[in-house]
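Visitor: Each chain is listed here by its residues.
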Amino acid sequence: MIEILQWTTLIASGAATLSRIPNLVRRKNRSIFYALALLTLAILLSIDGPYLAVDALLGGANVANLLLRFIIFGAIFFLALRIAVGFGDSRGIQLIRGRTGMLALGIISAVLVVCFVLMDTSGSSAGLVDVAAKNQQNALLVEYYGAAGRAYPAYVCLAILPGMLRAIRNPLPALLRMSAALLAVGSIAIPLSLLFPLVPPGLGFLRFTVNYTAILCFVVGLALIWVASARAGRKHRPLAAKRR
Amino acid sequence: MPLPAKAFQRWLHGVAPDASVADVARASGVKRTTLAQQLVRGKVAEATVVAISRAFNMNPVAALGSFEPYWDLGKPPIPPTLQELVSQIATADLLHAIIARTEPDAGTGNGTGTDKGTAPPGLGPPPHATSVKNWVDAIDDGELRHRVSAATGVAPQNYSAQLTANRLAPELAVATSRAAGVGLASGLVAAGLVTEAEAGWPPDARQAALDGMTDGELTALAGERLQALGKALRRQEHDQRQTETIWENLG
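Going line by line, the protein sequences match chains D and P. When we follow my numbering, the leftmost residue of the first sequence carries the number 6, and every step to the right adds one. When we follow my numbering, the leftmost residue of the second sequence carries the number 534, and every step to the right adds one.
Hint data in this document are derived by calculation from the structure and do not stem from the laboratory. Quantities reported herein were computed from a predicted structural model and do not represent experimental measurements. Cβ coordinates follow ideal geometry from the N, Cα and C atoms, glycine included. Be careful, since some hints might not be right.
Stated by the list, open to error - In silico EDC-like cross-links for lysine to aspartate or glutamate, where the CA-CA straight-line distance does not exceed 16 Å:
| no. | chain 1 | residue 1 | chain 2 | residue 2 |
| --- | --- | --- | --- | --- |
| 1 | D | Lys33 | P | Glu777 |
| 2 | P | Lys608 | P | Glu781 |
| 3 | P | Lys539 | P | Glu636 |
| 4 | P | Lys576 | P | Glu601 |
| 5 | P | Lys666 | P | Glu757 |
| 6 | D | Lys33 | P | Glu781 |
Claimed, not checked - One side of the interface only, derived from the structure: several residues of chain D facing chain P at Cβ under 8 Å:
| no. | residue |
| --- | --- |
| 7 | Phe83 |
| 8 | Arg87 |
| 9 | Ile88 |
| 10 | Val90 |
| 11 | Phe92 |
| 12 | Gly93 |
| 13 | Ser95 |
| 14 | Asn175 |
| 15 | Leu177 |
| 16 | Pro178 |
| 17 | Ala179 |
| 18 | Leu181 |
| 19 | Leu227 |
| 20 | Ala228 |
| 21 | Ile230 |
| 22 | Ser234 |
Claimed, not checked - Quick look at which bits of chain P chain D covers, simulated, 3 or more residues with Cβ under 8 Å:
| no. | segment |
| --- | --- |
| 23 | 612-618 |
| 24 | 770-777 |
Work out the full structure: start from the sequences and follow the hints.
Guide: Following this line, the structure appears as structure tokens:
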């Protein structure tokens with residue numbers, strides 16, 4: 006079940022990335038392509054098989070996990086910034102790109118790296134499950150490390166959430182409001198991941214469900230905007246369409 | 534609320550005893566599939582009754598009056614008030630009237646005949662782009678919306694949304710007339726379901742109402758209309774800009 010969700014998300018995200026290639030060539034909003042490519046890479050690295058393969062190349066000391074965290078940070082930063090700019094949410098932009106946002110990114114990254122360095126990380130293991138199982142200290146460090154890894158995406162999502170909620174109520178075209186709703190669901194789901202340590206072990210599948218649903222919401226929400234924009238482009242800009 | 538199919542069948546039998554559904558559809562211009570679907574669902578739209586009664590040379594208002602929810606439409610009509618008449622003149626026609634009145638040779642009649650085009654053109658038939666809202670504003674004593682909402686159970690915000698969208702369900706139109714104590718068919722005119730003649734408005738009543746307005750009244754009214762129009766347009770433009778920003782950055 007979890008595998009299906011993982012691969013579905015990977016395929017959706019990969020397809021979304023590929024669909025951005027024409028715009029990449031046209032030099033239109035290229036940062037979205039890069040963010041989606043990073044996101045796809047992150048999803049790939051979060052799946053057992055690919056993780057083990059990549060980590061083997063990087064020395065088998067779980068450096069791939071640290072890499073994964075920073076890839077996620079980068080993807081979410083660019084994506085959220087674009088979304089905030091697109092929806093005209095100046096407060097959101099300020100929170101992401103301003104001093105607070107940079108401070109949050111710096112501190113969280115530092116915590117992440119320090120935890121990683123203090124851990125005994127030998128032995129590839131997706132999600133650092135085996136690393137945590139080694140001893141008490143490692144278990145604690147993995148917990149902090151995980152929390153830090155979730156903290157920055159949560160911060161960014163909370164920053165854009167109010168803008169999304171406002172957009173849902175605006176008299177925008179229906180498709181755009183739908184995508185704003187999907188983005189809002191995603192921005193709620195990711196901060197919820199901060200509560201993961203409180204989830205009883207028996208309900209572990211909830212973690213995966215929340216994580217991948219959030220990503221799916223983001224990818225589908227963005228795809229809807231392109232659908233709406235392509236449709237409107239045909240309707241309102243026949244001249245531009247003819248020129249191509 | 535649409536009309537029950539049973540009552541509709543009974544009415545149709547009285548109007549055209551020998552006509553099949555296909556005949557009725559052809560004569561009235563209602564799509565056969567639409568009519569059949571409305572009959573199957575048991576709910577016939579008021580617009581269907583209006584189209585059919587026109588096809589059989591009946592007055593649509595009287596035809597609606599033969600259905601229970603609209604029984605009082607069959608009573609002799611109350612003439613429209615001056616405010617109602619003026620509310621059904623398009624803003625552009627009001628502006629034309631102002632221009633015609635302020636022409637230097639206005640009032641001298643048709644003068645030399647060389648100045649073609651200065652004579653005010655005839656008024657466009659209702660409904661116009663803000664007919665519904667202007668009509669309700671014209672008959673509103675301040676409490677009208679609450680009374681309509683209480684009488685029909687339609688939430689005030691849904692009622693307002695219809696007015697803003699220049700739509701008004703026939704049932705709500707008649708309920709509004711009842712609550713305001715004005716001619717029952719007026720709302721149907723504003724909603725575009727029936728013509729002013731069908732509602733029993735005297736021909737040229739709107740023109741007469743317009744001519745009866747003083748320059749001050751006319752200018753103030755046109756000003757109000759323009760202000761409301763400007764607000765609506767600005768809101769539209771703002772939404773459009775917002776949409777374009779989204780496409781520019783995320784498209």
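Visitor: Check, residue by residue, whether the segment 770-777 of chain P contains three or more positions whose beta-carbon lies closer than 8 Å to a beta-carbon of chain D, and give the verdict.
Guide: holds (count 3)
Visitor: Between Lys33 (chain D) and Glu781 (chain P), is the straight-line Cα distance small enough, at 16 Å or below?
Guide: 9 Å, holds
Visitor: Is the hinted pair Lys608 (chain P) and Glu781 (chain P) satisfied, with a Cα-Cα distance of at most 16 Å?
Guide: 58 Å, violated
Visitor: Hinted pair, alpha-carbon criterion (16 Å max): Lys666 (chain P), Glu757 (chain P). Please report holds or violated.
Guide: Holds: Lys666 (chain P) and Glu757 (chain P) sit about 13 Å apart, inside 16 Å.
Visitor: Classify the hint on Leu181 (chain D) as holds or violated, based on whether any CB of chain P lies nearer than 8 Å to its CB.
Guide: 6 Å, holds
Visitor: Using Cβ atoms only, decide whether Gly93 (chain D) comes closer than 8 Å to chain P, and label the hint accordingly.
Guide: 5 Å, holds
Visitor: Does the nearest C-beta of chain P fall within a distance shorter than 8 Å of the C-beta of Ala179 (chain D)?
Guide: 11 Å, violated
Visitor: For the restraint on Phe83 (chain D), tell me whether the closest CB of chain P is nearer than 8 Å.
Guide: Given a least distance of 12 Å, the restraint on Phe83 (chain D) is violated.
Visitor: Hey, does the Pro178 (chain D) contact hint survive, CB to chain P under 8 Å?
Guide: 6 Å, holds
Visitor: Less than 8 Å between beta-carbons is the criterion; does Ser95 (chain D) satisfy it with respect to chain P?
Guide: 12 Å, violated
Visitor: Using 8 Å as the Cβ threshold, decide whether Ala228 (chain D) counts as touching chain P.
Guide: Given a least distance of 10 Å, the restraint on Ala228 (chain D) is violated.
Visitor: Count the residues of the segment 612-618 of chain P with a beta-carbon closer than 8 Å to any beta-carbon of chain D: does the count reach three?
Guide: Result for this restraint: violated, n = 0.
In terms of the numbered hints stated before, the structure departs from hints 2, 3, 7, 13, 17, 20, 23, listed from lowest to highest.
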